[in-house]
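Colleague: Build out the structure end to end from the sequences listed, making use of the hints.
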Amino acid sequence: MRETAWRLFAGEYNESRKSIAAEGERQPSFVLTPLGAKVNRLFLSGVLTDVENLGTDAEPMYRGRVSDPTGVFHVYAGQYQPLAAAVLGKIAPPAFVAVVGKAKTYTTEQGSTYANVRPERIRVVDARVRDYWVLEACRFLRKRLELAKSAYALESPTAEAIRKLGAKAPAAEGLELAMREYGKVDLGRYTAMLAEGLRYLLPEHRTGPEEVPAPGPSAATEETVLGLVTSLDDAGKGAPWDALVAAAGKAGIEPADLEAAVDVLLDRGAIYEPVLGRIKRIG
Amino acid sequence: MAAEMATHVKEIAKALGNRVPEPEIERELENYVSVYRVSVDAAKRSIVKKHGGDPGGLGPARGSARTVAELRAGENAIDVLARVVYVEKRTVRVPDGTKEILTGILGDNTGTVPFTAWEAAGLELQKGDVLRVTNAYTKEYRGKVEVHLSGRTTITREPPESLPFERAAPTGSAVVTLSELREGIGAVTITARVLQVEAKAVTVDGKAKTVHQGLLADATGRVQFSAWKDYGLLPGTALRIEGAFVKAFRGLPQVSFDDRARVEVLAETDLPALEALAQAPRAWIEDLAERGGSVDVALRGIVVDIREGSGLVQRCPECKRVLAKDACRLHGAVKGVSDLRVKAVLDDGSGALTAVFDRELTEALLGRTLEQCLTQAREAMSTEVIRDAIADALVAQPIEARGNVTSDEYGLMMIVQEAKVLRVDVQEEARAMLGALEEEP
Numbered sequence: 404m405r406e407t408a409w410r411l412f413a414g415e416y417n418e419s420r421k422s423i424a425a426e427g428e429r430q431p432s433f434v435l436t437p438l439g440a441k442v443n444r445l446f447l448s449g450v451l452t453d454v455e456n457l458g459t460d461a462e463p464m465y466r467g468r469v470s471d472p473t474g475v476f477h478v479y480a481g482q483y484q485p486l487a488a489a490v491l492g493k494i495a496p497p498a499f500v501a502v503v504g505k506a507k508t509y510t511t512e513q514g515s516t517y518a519n520v521r522p523e524r525i526r527v528v529d530a531r532v533r534d535y536w537v538l539e540a541c542r543f544l545r546k547r548l549e550l551a552k553s554a555y556a557l558e559s560p561t562a563e564a565i566r567k568l569g570a571k572a573p574a575a576e577g578l579e580l581a582m583r584e585y586g587k588v589d590l591g592r593y594t595a596m597l598a599e600g601l602r603y604l605l606p607e608h609r610t611g612p613e614e615v616p617a618p619g620p621s622a623a624t625e626e627t628v629l630g631l632v633t634s635l636d637d638a639g640k641g642a643p644w645d646a647l648v649a650a651a652g653k654a655g656i657e658p659a660d661l662e663a664a665v666d667v668l669l670d671r672g673a674i675y676e677p678v679l680g681r682i683k684r685i686g
Numbered sequence: 209m210a211a212e213m214a215t216h217v218k219e220i221a222k223a224l225g226n227r228v229p230e231p232e233i234e235r236e237l238e239n240y241v242s243v244y245r246v247s248v249d250a251a252k253r254s255i256v257k258k259h260g261g262d263p264g265g266l267g268p269a270r271g272s273a274r275t276v277a278e279l280r281a282g283e284n285a286i287d288v289l290a291r292v293v294y295v296e297k298r299t300v301r302v303p304d305g306t307k308e309i310l311t312g313i314l315g316d317n318t319g320t321v322p323f324t325a326w327e328a329a330g331l332e333l334q335k336g337d338v339l340r341v342t343n344a345y346t347k348e349y350r351g352k353v354e355v356h357l358s359g360r361t362t363i364t365r366e367p368p369e370s371l372p373f374e375r376a377a378p379t380g381s382a383v384v385t386l387s388e389l390r391e392g393i394g395a396v397t398i399t400a401r402v403l404q405v406e407a408k409a410v411t412v413d414g415k416a417k418t419v420h421q422g423l424l425a426d427a428t429g430r431v432q433f434s435a436w437k438d439y440g441l442l443p444g445t446a447l448r449i450e451g452a453f454v455k456a457f458r459g460l461p462q463v464s465f466d467d468r469a470r471v472e473v474l475a476e477t478d479l480p481a482l483e484a485l486a487q488a489p490r491a492w493i494e495d496l497a498e499r500g501g502s503v504d505v506a507l508r509g510i511v512v513d514i515r516e517g518s519g520l521v522q523r524c525p526e527c528k529r530v531l532a533k534d535a536c537r538l539h540g541a542v543k544g545v546s547d548l549r550v551k552a553v554l555d556d557g558s559g560a561l562t563a564v565f566d567r568e569l570t571e572a573l574l575g576r577t578l579e580q581c582l583t584q585a586r587e588a589m590s591t592e593v594i595r596d597a598i599a600d601a602l603v604a605q606p607i608e609a610r611g612n613v614t615s616d617e618y619g620l621m622m623i624v625q626e627a628k629v630l631r632v633d634v635q636e637e638a639r640a641m642l643g644a645l646e647e648e649p
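So the sequences go chain by chain: G and Z. For the working numbering, add 403 to where a residue sits in the first sequence, where the first one is 1. For the working numbering, add 208 to where a residue sits in the second sequence, where the first one is 1.
Stretch by stretch, here's where chain Z covers chain G in the computed footprint (C-beta under 8 Å, at least three residues):
1. 539 to 545
2. 590 to 599
Chain G regions said to be covered by chain Z (calculated; three or more residues, Cβ under 8 Å):
3. 404 to 413
4. 523 to 530
Below, simulated DSSO-like cross-link-like pairs (lysine-lysine); rule was C-alpha separation at most 30 Å, straight line:
5. Z:Lys455 to G:Lys571
6. G:Lys571 to Z:Lys628
7. G:Lys505 to Z:Lys551
8. G:Lys546 to G:Lys571
9. Z:Lys551 to G:Lys493
10. G:Lys571 to Z:Lys551
11. Z:Lys628 to G:Lys505
Calculated from the structure, these hints are not laboratory results. Just so you know, even glycine gets a beta-carbon here, dropped at the ideal spot from N, CA and C.
Modeller: Structure follows, in C-alpha cells:
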C-alpha cells in the first residue's frame, strides 16, 4: 500500500525528535510528531527561500529551505533523489514550490535530532496551490489537535481507547506513541500555530506586503547571536546548535528569534553550517 | 471422508494389481495421512512404490477442489468445476515452431478467472461448456490469478445441470444498508431507490435474455445492480428486495436478483428523494480503503505522482489491452491503436489511490488532443515529452474526481468519470475556522 502524504506545518514537523525505524526490508520508516502524526511521506508547499549545493558540481547535494507560515522545512536532494535534485538545482528563489517527499531525521553527534525532507517531486506552483495547501494543513492540524485534546483527558490513553473517540487506527496509534514519547505537550502552542496558518490566508490579518514574514530580528539580536556563535565555537568546529539555543535562551532570545537571526546571518554570509547542527562564523 | 478414503484405497489396490490386501493399504494410508500429515496424493504414490508398483497406475493425480473465488496464485494440483465463459484459439511461438493453445475465461457462481490450455490439440471447447478440470495449476499475472491447464491436467465435460447458474435464494436474508454490503455476505434484504437503469440484451447459456442494470442508492451509499426480470424499474423507483445476491468485482459489491427474490415496489418510503441521492457522495480515501471500494463517489485530493504507463500508449485493436513492446499479451504482435491516458496517484491526506483518466479526460486536463500529442511526440522523437507535460499539468494540483473505486492487492483504483481542477474559496473556510477557534474557551 502506498503511504499517505501528510499535510503538516513546518512548525509541527520540526518539533519531531523521534523516528520509527522500518520493521523490515521494504517496510516504511516514520517520523513521529508531538501531535501523533506518523509521517513517512509528506506533501508541503511554501516559499523556497534559498538553495545551496552542499556537494560538488559533479555530485550535487542541494539543500533548499521552504518556509510556510509557521517555520522552515529543510529539503535535501542528492544522488538518491535525481528527479527532484535536477529540478531543485534549477529553481531560482524566491519561488512558490510544492514538494512530495519522504520524512527523515538526522541525529547529530551530540544526540540532537532534526527532521528533514527528501523530495520525490518538487515543482514551482502558483499562490493558489500554496494557499490550498495552507488550508489543508490547517484542517489536518485542527483534527490532530482536537483528537489530542480528547485523548489527554483519558485516564488510560491506549490506541484502542483513542479509536473509541472516533479516530482511525493510524491516527490513534500515532497519538498513543506520541504521548509515550513526548508526554502531554502544550496544545496552546499548536492552537496558536493553527491560528497563524489561518490568518495567513486572510487579507484582513495580513501585515505588510505578502511574502514578507514577520519583521526580522533586531540588529542587537543579530549582534548577540554572532557573539555567541564565536564564543561557543570549541576547537574550530563551529558552535553546536543546542548550546546556541541554550545560551540564546539565557540571553533572553526566543528560539524562533534565534532561528530568524541565524537565517539573516546565513543570508548575509556572516556564518555558515560546516555540518548540520553546527554554526561557524566566517572570517 | 471415509468414503473418499475407501476410493483411494481401491485405487491403490488396483495400481498394485490387487496383490496387497485392502485393510493393510488402508492402515498404511491412514498412517501417512493422519500421523505423518502427508498429502493424500503423495501418500498414494509412496504406498504404490513401496510395494513395487508403478505410481503411474494411479491415474491422474486429484487435486484439491476449489470454487473460482477460492483460487489463489501459485498453487499446483487444483480441481475446479467451471463453465467456459469465453474461449478462443491462439497460435503462439515456441522454440521449434508454432503451437495451438486455447485461452479464455472460466467462471462459476463465485467469480471468473482467465485460463490457458497449453495442450489444445484435439481439445474443442465451446462457450457454455461445463468442465471438470483436474490437476491444473495457478499463476499470478499482474496481481490476478490465472488457471493453467497443462498436459498433466484432465479436462472432462459435465452436463450443464452439474453447475446450476445461481444458488437458490436462501431464506431469512440479513437486512443491511448499502454501505454494509461486502463481498461474501451472501443473500441480503435491502431497501433502496433506483438511480439509473438500462435494459441490456445478453446471451446466457445460448439463450437470449434481458437484464436490467443500473445503480441503487440509499442514504448510506450506492451499489450496482442486475435485475434478471423486468420489474418496470425507473429512476426514482423505491424498492425492497428480499434475497438479493451480493457478488463482488474487485472488491466492489454488486447485487443481483431475479424470480427467487421477493421484490416489492414501495409507494411510501423514508428514503431520500432522487435528487438528493443523485449527488455523488464525498468520500475520504481511508473510508474507501476500509470498505474495499465504492460505486460513484467524489474525492478531493492532490495529484502527488504520475505512474508509469501514463501518456501516449498503444492498445491492442482486439481487446484494448495496452501493448508492451508492440505485443498484446493475449493477441501477440499486433498493430497498435494510439491512445492517451493518465494513471495518477491521488492523495487526500487520509490515503492514496491510483486514479485512471481516459483519453477524453486527459485531453481536457492537458488542454491538447491526442493528435496534437502524437505530433509533439513525433517532433521530439519521444513519448516522454507527453508524460512530462502531464506531470507539469497535474502534479501538486488539487483535483476533484468522480468515479467508481475498486481494490485489489495493490490498493485502491478509481476509474475516473469526471474530473476538474479544484477551486476552493480558501478565505471563506479559513475565516470560519478562525472564528470557531477564537470562540473556544
